[in-house]
Amino acid sequence: NAGVTQTPKFRVLKTGQSMTLLCAQDMNHEYMYWYRQDPGMGLRLIHYSVGEGTTAKGEVPDGYNVSRLKKQNFLLGLESAAPSQTSVYFCASQLGSGKTYNEQFFGPGTRLTVL
Amino acid sequence: GQQVMQIPQYQHVQEGEDFTTYCNSSTTLSNIQWYKQRPGGHPVFLIQLVKSGEVKKQKRLTFQFGEAKKNSSLHITATQTTDVGTYFCAELRFSSGSARQLTFGSGTQLTVLP
Numbered sequence: 002n003a004g005v006t007q008t009p010k011f012r013v014l015k016t017g018q019s020m021t022l023l024c025a026q027d028m029n030h031e032y033m034y035w036y037r038q039d040p041g042m043g044l045r046l047i048h049y050s051v052g053e054g055t056t057a058k059g060e061v062p063d064g065y066n067v068s069r070l071k072k073q074n075f076l077l078g079l080e081s082a083a084p085s086q087t088s089v090y091f092c093a094s095q096l097g098s099g100k101t102y103n104e105q106f107f108g109p110g111t112r113l114t115v116l
Numbered sequence: 008g009q010q011v012m013q014i015p016q017y018q019h020v021q022e023g024e025d026f027t028t029y030c031n032s033s034t035t036l037s038n039i040q041w042y043k044q045r046p047g048g049h050p051v052f053l054i055q056l057v058k059s060g061e062v063k064k065q066k067r068l069t070f071q072f073g074e075a076k077k078n079s080s081l082h083i084t085a086t087q088t089t090d091v092g093t094y095f096c097a098e099l100r101f102s103s104g105s106a107r108q109l110t111f112g113s114g115t116q117l118t119v120l121p
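Here the protein sequences come in this chain order: A and B.
Note that the working numbering has the first sequence beginning at 2, numbered continuously upward.
Note that the working numbering has the second sequence beginning at 8, numbered continuously upward.
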């Protein structure tokens, strides 16, 4: 049981390049999330998904797109990377709704640098 | 949007000393979660508080939710070097489709000096 995994772990892009970050979970969780973490700012929600085939915008969605074609995978895409997108990206998953199911499980993160 | 303010931003303590971090909101919080992130690591869930005035303990960690549900605190008794990391509070809110969104505080970075 690997939990939440993310690929790649590190990536360096040039401004204008595109890339996709992959998140996978093997816990059969309904909800999945993408966050970015910048120094001194905590974690901010980019996009999230409440189930296969559905996505929604979070707090800072601009410049990112997502897809959830399979329940276990949540992809984050950067179409044209900008230096402001240099950050650490975390994926998280959550079992589902209900008071006892609110814990989020985080992946190890992807450190992205845009030059 | 609603913000969850967390203080202090940094805290250095001598091993064995106590440590407290505070989370404050100008509006009523529906509930509060606490996460710990070790240096270079990812956030790990510690606990969730839901009820007004709730107090929960995990070994040397004590979590409190204010009576008015506008603040929360995490207190560590007799810190150890294994307590090093950043502690985040986060409010869990409903969003569309019954999904929960976490809004994180900015975190308190704890350094424990041996």
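Keep in mind that the hints were calculated from the coordinates and are not lab data.
Beta carbons: idealized from backbone N, C-alpha and C, even for Gly.
Treat the hints loosely; a few may be bogus.
Each computed SDA-like pair below joins lysine to any residue, with the alpha-carbon atoms no more than 25 Å apart [to be verified]:
1) K15/A to G47/B
2) K43/B to K71/A
3) K10/A to G78/A
4) K43/B to R112/A
5) K71/A to M12/B
6) K64/B to P40/A
7) K43/B to L116/A
8) K64/B to N103/A
9) K43/B to A25/A
10) K43/B to T6/A
11) K10/A to Q71/B
12) K76/B to R45/A
13) K43/B to T87/A
14) K58/A to N38/B
15) K66/B to E104/A
16) K58/A to K66/B
17) K64/B to E104/A
18) K72/A to F101/B
19) K72/A to F52/B
20) K66/B to N103/A
21) K77/B to G47/B
22) K43/B to P9/A
23) K58/A to K64/B
24) K63/B to E60/A
25) K43/B to G64/A
26) K15/A to P40/A
27) K66/B to A85/B
28) K43/B to N103/A
29) K58/B to T8/A
30) K58/B to P40/A
31) K43/B to N66/A
32) K10/A to A85/B
33) K77/B to E60/A
34) K10/A to H49/B
35) K76/B to M42/A
Non-contacting residues of chain A with respect to chain B, defined by C-beta distances greater than 12 Å in every case (computed) [what the hints assert, rightly or not]:
36) A25
37) A83
38) Q95
39) L116
Going through the hints against the structure:
1. Between K15/A and G47/B, the direct Cα distance comes to roughly 24 Å. Compliance with the 25 Å bound is thereby established for this hinted pair.
2. Proposed proximity of K43/B and K71/A is contradicted: the alpha carbons are some 29 Å apart, above 25 Å.
3. Between the alpha carbons of K10/A and G78/A the distance comes to roughly 15 Å, so the proposed pair stays at or under 25 Å and holds.
4. In summary, the hint linking K43/B to R112/A is supported, as the alpha carbons are separated by about 19 Å, within the 25 Å threshold.
5. Distance restraint check for K71/A and M12/B: the Cα-Cα separation of roughly 36 Å exceeds the 25 Å cut-off, and the hinted pair is therefore not satisfied.
6. Taken as a hint, the K64/B and P40/A pair is broken in the structure, with Cα atoms around 29 Å apart against an allowance of 25 Å.
7. Taken as a hint, the K43/B and L116/A pair is broken in the structure, with Cα atoms around 30 Å apart against an allowance of 25 Å.
8. With a C-alpha separation of about 19 Å, the suggested pair K64/B and N103/A falls inside the 25 Å cut-off, and the hint holds.
9. For the hint pairing K43/B with A25/A, the CA-to-CA distance comes to about 22 Å; that is within 25 Å, so the pair holds.
10. Between the alpha carbons of K43/B and T6/A the distance comes to roughly 19 Å, so the proposed pair stays at or under 25 Å and holds.
11. This hinted pair does not check out: K10/A and Q71/B have alpha carbons roughly 36 Å apart, beyond 25 Å.
12. Restraint check for K76/B and R45/A: the C-alpha separation of about 22 Å stays at or below 25 Å, so the hint holds.
13. The hinted pair formed by K43/B and T87/A meets the criterion: a straight-line CA distance of about 23 Å does not exceed 25 Å.
14. The hinted pair formed by K58/A and N38/B meets the criterion: a straight-line CA distance of about 22 Å does not exceed 25 Å.
15. Taken as a hint, the K66/B and E104/A pair is honoured in the structure, with Cα atoms around 20 Å apart against an allowance of 25 Å.
16. Restraint check for K58/A and K66/B: the C-alpha separation of about 38 Å exceeds 25 Å, so the hint is violated.
17. For the hint pairing K64/B with E104/A, the CA-to-CA distance comes to about 17 Å; that is within 25 Å, so the pair holds.
18. Of the supplied pair hints, the one linking K72/A and F101/B holds, its CA atoms being roughly 21 Å apart against a limit of 25 Å.
19. Distance hint between K72/A and F52/B is fulfilled; the C-alpha atoms sit about 22 Å from each other, no more than 25 Å.
20. At roughly 22 Å between alpha-carbon atoms, K66/B and N103/A fall within 25 Å of each other, so this suggested pair holds.
21. Proximity of K77/B to G47/B is assessed by CA-CA distance (about 31 Å); at most 25 Å being required, the pair is judged violated.
22. Only pairs whose Cα atoms come within 25 Å are accepted, and K43/B paired with P9/A is accepted, the gap being roughly 23 Å.
23. In summary, the hint linking K58/A to K64/B is not supported, as the alpha carbons are separated by about 35 Å, beyond the 25 Å threshold.
24. Pair hint K63/B plus E60/A does not hold up; C-alpha atoms about 30 Å apart against a cutoff of 25 Å.
25. With a CA separation close to 29 Å, the supplied pair K43/B and G64/A exceeds the 25 Å bound.
26. At roughly 21 Å between alpha-carbon atoms, K15/A and P40/A fall within 25 Å of each other, so this suggested pair holds.
27. Only pairs whose Cα atoms come within 25 Å are accepted, and K66/B paired with A85/B is accepted, the gap being roughly 11 Å.
28. This hinted pair checks out: K43/B and N103/A have alpha carbons roughly 16 Å apart, not beyond 25 Å.
29. The suggested pairing of K58/B with T8/A is violated, with an alpha-carbon distance near 38 Å, which exceeds 25 Å.
30. Only pairs whose Cα atoms come within 25 Å are accepted, and K58/B paired with P40/A is rejected, the gap being roughly 31 Å.
31. In summary, the hint linking K43/B to N66/A is not supported, as the alpha carbons are separated by about 28 Å, beyond the 25 Å threshold.
32. The straight-line distance between the Cα atoms of K10/A and A85/B is roughly 35 Å, outside the 25 Å bound, and the hint therefore fails.
33. Of the pairs offered as hints, the one joining K77/B and E60/A holds, with about 22 Å between alpha carbons and a cut-off of 25 Å not exceeded.
34. Our distance criterion of 25 Å between C-alpha atoms is met by K10/A and H49/B, whose separation comes to about 12 Å.
35. Of the pairs offered as hints, the one joining K76/B and M42/A holds, with about 23 Å between alpha carbons and a cut-off of 25 Å not exceeded.
36. Listed as outside the interface, A25/A is consistent with that label: its C-beta sits roughly 15 Å from the nearest C-beta of chain B, beyond the 12 Å cut-off.
37. With a least beta-carbon separation of about 23 Å from chain B, A83/A lies farther than 12 Å from that chain, consistent with its non-interface assignment.
38. For Q95/A, the condition that its CB be more than 12 Å from all CB atoms of chain B is violated, with the nearest at approximately 7 Å.
39. With a closest Cβ-Cβ approach of about 22 Å to chain B, L116/A is found to remain outside the 12 Å limit, as its non-interface label requires.
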